[in-house]
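Peer 1: For reference, the chains in residue letters:
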Amino acid sequence: MLEIQELTKKYGKYLAVDHVSFTVPTGQVGILLGPNGAGKSTIIKSIAGLLRYQGGVGIEHMPARSLEAKRVFGYVPEVPSMFDALTVREHIEYVRRAYDSPITEEEIGQMFQRFELDDKQDKLGRELSKGMMQKVSICCALAIKPKVILLDEPMVGLDPAAIKELKEVVLELKKQGVTVLISTHMLEMVKDLWDFVFIMQKGKIIGTFDRQQQKDADIEELFFQITGGGDAQ
Amino acid sequence: MRGLIYLYRRTVINNIKRALKRPVTYIWLVFVAGYLLLMGVGFGTMIEEGNFGTPENIVAALSIIIFAMIPGNIISYSKRKGLLFRPSEVHFVFSAPVSPKIVLMFEGVKSFIGNFVIGILIVVFGGLWFHISAWQLVVYFLFFVVFESILEAAIIIFCFGNEYFGEKFFKRLPVVMYLFMAVVAGTALYKLMNGEPSFALISDYFAMPVIQLVPIVGWNVAATRLVFLGPDTFNVIGTALYIVSVMGMFLFAWKMKCTGEYYEDAMKFADDYQKMRENQKKGVASIPWKKKNKLRAASVEYKGAYAKAIYFRQMLEYKKNPTFIFGWNTLLCFGLGAAIAVISYFNDAVSEFGAGKIFIVPAVVSYVVFVFSGYATKWSKELDNPYTYLIPDSPLKKVWYATKIEHMRAFVDGILVTLPGAVVLGLSPAMTILTVLLYVCLNANKLYYNMLADVLIGNLFGNVGRSLVRMLFQGFAIGIAAVAAVAGGLLVGLEVGFFLMILVMGILTFAGATVASLSFNRMEVME
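Going line by line, the protein sequences match chains S and L.
When you line the first sequence up against the numbering used here, it's residues 2 to 234, in that order.
When you line the second sequence up against the numbering used here, it's residues 157 to 683, in that order.
Be careful, since some hints might not be right.
[Claimed, not checked] Derived list of chain S stretches under chain L, where covered just means 3 residues or more per stretch with a C-beta under 8 Å from a C-beta of chain L:
1. 64-77
2. 87-95
3. 177-189
4. 203-216
[Unchecked claim] Under the rule of at most 25 Å between Cα atoms (straight-line distance), these lysine to any residue pairs were calculated in the SDA-like manner:
5. S:Lys14 to L:Lys257
6. S:Lys131 to L:Lys257
7. L:Lys431 to S:Ser102
8. L:Lys237 to S:Arg66
9. S:Lys14 to L:Arg166
10. L:Lys424 to S:Pro36
11. S:Lys131 to L:Pro243
12. L:Lys257 to S:Pro64
13. S:Lys14 to L:Arg236
14. L:Lys413 to S:Lys146
15. S:Lys203 to L:Arg236
16. L:Lys177 to S:Asp85
17. L:Lys177 to S:Asp217
18. L:Lys424 to S:Leu68
19. L:Lys327 to S:Gly13
20. L:Lys431 to S:Ala86
21. S:Lys146 to S:Lys203
22. S:Lys205 to L:Asp388
23. L:Lys266 to S:Ala86
24. S:Lys121 to L:Lys257
25. L:Lys324 to L:Leu240
26. S:Lys168 to S:Lys203
27. S:Lys131 to L:Phe325
28. L:Lys266 to S:Gly158
29. L:Lys424 to S:Arg115
30. S:Lys14 to L:Phe321
31. S:Lys11 to L:Arg166
32. L:Lys237 to S:Arg115
33. L:Lys327 to L:Met432
34. L:Lys257 to S:Val58
35. S:Lys131 to L:Met423
36. S:Lys11 to L:Arg236
37. S:Lys11 to L:Pro243
I should point out that these hints are in silico values taken from the structure, not numbers from a laboratory.
Computed from a prediction, not measured in an experiment: that's the story for all the values here.
All C-beta atoms in this analysis are idealised placements derived from N, C-alpha and C, irrespective of residue type, glycine included.
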């Protein structure tokens with residue numbers, strides 16, 4: 002479970018996020034939507050513990066900054082940054098040790114195959130293309146075997162095969178009871194994945210939708226209905 | 157913790173493996189070994205000839221280092237800039253289940269290694285030249301490495317990890333430290349001005365009880381005196397206070413609450429540093445203390461087409477830059493010009509050098525241009541831009557228009573370097589102009605020969621290899637031009653010799669630029 006309570010973040014005098022609260026229940030997929038500058042990245046970075054903020058963030062009923070919460074939390078940032086001198090395989094090994102993850106060699110092999118990284122295992126971080134970095138970043142987050150995972154614009158830079166694979170991975174995680182929060186612009190990519198949608202504008206949540214209550218409504222329609230863009234204009 | 161140990165181990169091993177595969181590493185090692193050997197021999201001779209090798213003098217030298225180092229550390233750490241986190245660490249370390257204090261300690265490892273290296277240097281210098289006994293050196297090494305590192309670790313955690321004191325406190329702390337350093341330096345200067353200036357005076361200054369009883373810094377000096385000079389009342393008290401205070405600070409840092417709020421500042425600093433490095437590589441001109449360059453509104457009239465467009469676009473970018481085409485290099489040139497003038501004036505260079513005075517400025521600038529690798533400029537950015545290659549014009553013209561502003565900048569820098577010296581040395585206007593032109597020519601030579609080195613060896617031997625190849629070419633060019641200058645000078649006159657030097661240099665530079673223009677032919681040349 003991921004709980005955000007009254008999250009507020011200021012950059013100097015600029016109010017980037019204004020008393021935002023939402024919850025993604027255990028084993029559900031939440032989608033954070035909003036135009037550029039809405040405050041999505043600020044929320045994501047706050048949940049990941051990278052920013053100072055007011056309010057509370059809970060991961061599996063634990064404060065997000067606690068080491069216990071971090072142990073079960075995976076994070077894929079919008080812009081992946083690799084260690085220059087570590088190979089792809091060594092990135093996974095680092096994560097395995099840092100999180101004391103129970104992931105097996107076999108599972109790592111399968112993950113590499115799914116994301117077409119099996120022949121890139123010995124490539125150094127500095128030798129990877131942007132798309133490759135994104136794949137490694139996703140694999141690292143999955144290698145934690147997280148209970149809550151945060152994906153910030155995860156489809157950017159991925160090839161069609163990897164996007165398809167990632168969508169399947171998200172659905173599998175959901176089945177395994179993992180809580181997922183995805184921040185994205187690509188409505189088309191998440192239309193089959195969502196359970197909850199949180200629409201942001203100017204630092205506030207202006208709409209929250211539950212898929213069951215909306216009777217499988219189209220995410221694109223819901224978004225433009227509330228933001229007034231697209232066909233609604 | 158296990159993850160961080162693994163990360164460091166693999167990073168070191170992979171970097172060593174990679175370095176061993178590159179020929180440039182071995183060239184570097186030879187250079188560094190030679191440099192250290194030369195420095196060591198020179199330093200040793202200087203100490204022996206000056207009868208400097210006494211325990212009192214090493215204590216005075218260490219006292220200066222201590223008084224500069226500890227407040228310096230506090231200043232940089234309280235600005236949250238002493239540790240450099242990389243974007244990869246923000247991505248993989250900050251979100252990992254590791255105590256934020258442990259993260260700080262792992263990042264501080266470089267500083268602790270620095271203390272270890274300084275400790276070894278003190279042992280080597282102290283044993284070889286300052287006649288210190290082995291046991292004293294071992295005791296001081298342990299003291300320096302252990303206590304200095306504990307102190308630094310405590311300062312890092314206090315300054316970075318502190319979530320109790322607000323932003324205001326950490327803004328005031330550096331100011332207090334600057335004031336402290338100013339007072340210490342001011343009183344030392346006062347003593348120097350009122351006595352016979354000598355190193356013994358500095359030694360006496362740091363021997364003063366009031367200095368040895370300054371919290372932390374003075375206590376550290378007291379401990380140094382105790383080890384090297386033997387006990388007295390003040391250094392025993394100071395040492396005891398130092399050990400107690402370091403342990404106290406360590407305990408405080410251990411117990412202090414730290415949930416990782418500093419990650420935000422560290423992340424921002426990592427981003428800013430990354431941007432600064434990219435800007436440096438791309439040659440964005442800036443003045444060091446100006447924080448962020450807000451671009452001004454500007455316009456430019458494109459007078460011409462094809463390759464000329466590169467020049468006008470660059471001019472537009474520079475006009476938007478608040479410091480126009482000027483940057484830190486302009487300041488350096490101004491400083492260098494002023495230094496030449498002041499030194500020439502106080503050493504009566506006019507009568508000392510006679511007719512040879514006209515070579516003073518050229519000799520200094522040739523050395524500076526030849527030895528220093530220079531700064532990346534906007535022209536190199538053009539090579540990253542695919543549109544540069546698509547412009548339907550000859551590569552040579554593209555080279556010229558991409559670098560034209562650099563020559564203008566060199567002209568202004570040349571005036572700044574030459575004019576003060578020219579006034580003091582009483583050079584004729586013709587000679588002054590020729591000297592400025594020589595500076596422009598030398599810079600153009602460096603720029604095009606750097607480009608040439610890129611075309612010839614690419615990234616095969618890294619930046620150092622490229623600089624060495626460039627220096628080799630430039631050395632030849634300067635040598636040939638110098639021969640022409642001597643011939644002209646002997647056969648006709650000094651001015652003609654000087655003019656010939658510029659002419660020959662210009663021709664060789666043009667030849668280099670023609671070959672280097674290959675890099676504007678295809679983007680892959682630079683790969």
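Peer 1: Quick one: which hint numbers does this structure break? Sort them smallest to largest.
Peer 2: 3, 4, 5, 6, 7, 9, 14, 15, 17, 21, 22, 24, 26, 27, 28, 29, 31 and 32
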